[in-house]
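Protein chains: 2
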Amino acid sequence: MEKLLEGKCEACRADASLVSAEERKILMPQIPGWDVIEVDGIEQLTCSYAFKDYLSGLDFLKKVAHLAEEEDHHPEIVLEWGKVTVSWWSHKIKGLHKNDFIAAAKTDALFSE
Amino acid sequence: MEKLLEGKCEACRADASLVSAEERKILMPQIPGWDVIEVDGIEQLTCSYAFKDYLSGLDFLKKVAHLAEEEDHHPEIVLEWGKVTVSWWSHKIKGLHKNDFIAAAKTDALFSE
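Residue numbers (the numbering used here), protein chains in the order written: chain L, 162 to 274; chain E, 162 to 274.
What you were told as hints is all true, and nothing was included just to trick you.
Listed next, the in silico DMTMM-like pairs over lysine to aspartate or glutamate satisfying Cα-Cα at most 25 Å (straight line):
(1) E:259 - E:269
(2) E:213 - L:220
(3) E:244 - L:232
(4) L:213 - E:237
(5) E:244 - L:220
Please keep in mind that the hints were generated in silico from the structure rather than gathered at the bench.
Whole structure, please, built from the sequences with the hints as guidance.
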């Protein structure tokens, strides 16, 4: 099976395809902590991570933000005391592209470091 | 008039008072960009700031997070591309304490730096 962690986000064009239901069945098991939620009619991949304090969460947020710059794909990140929530989706296609699954897997890897 | 920027967040106890309607009338004009919103029945002060890119937003977020540590009062901060949204409220009293207005004023000051 193709490994998400070995992928790299590609430039996402407005006419790129949303991931299909069949692709999802293959991709979701590779990011077991993530949920698909719908916000304003747009599907997003979201995951919350727990931390012992605020600054530990901030350190993780910074790593995810730098990953975002490397991939040129930018998530919403919410910092709260002891918790960071990351949500990936593809603005241009208003939903989930394979990029989002790659980015989610890489976010998990940053947390495991 | 007492200046919010000269204030310092005090330890907020569970029996501390929510800001009264009269106090609000004095405090809100000192933080003109901020709105009061209600989330799950709890009032919050919230403000969004625009940035030219993701990393500029991240820099601001880091400043606000360090302010939070100094004041020992921690907001929710949402990082998106070109935008940072900061929300202050007092968890222990499930609403707005004067601390939140002080923190909002200091957040504005960090943005103006």
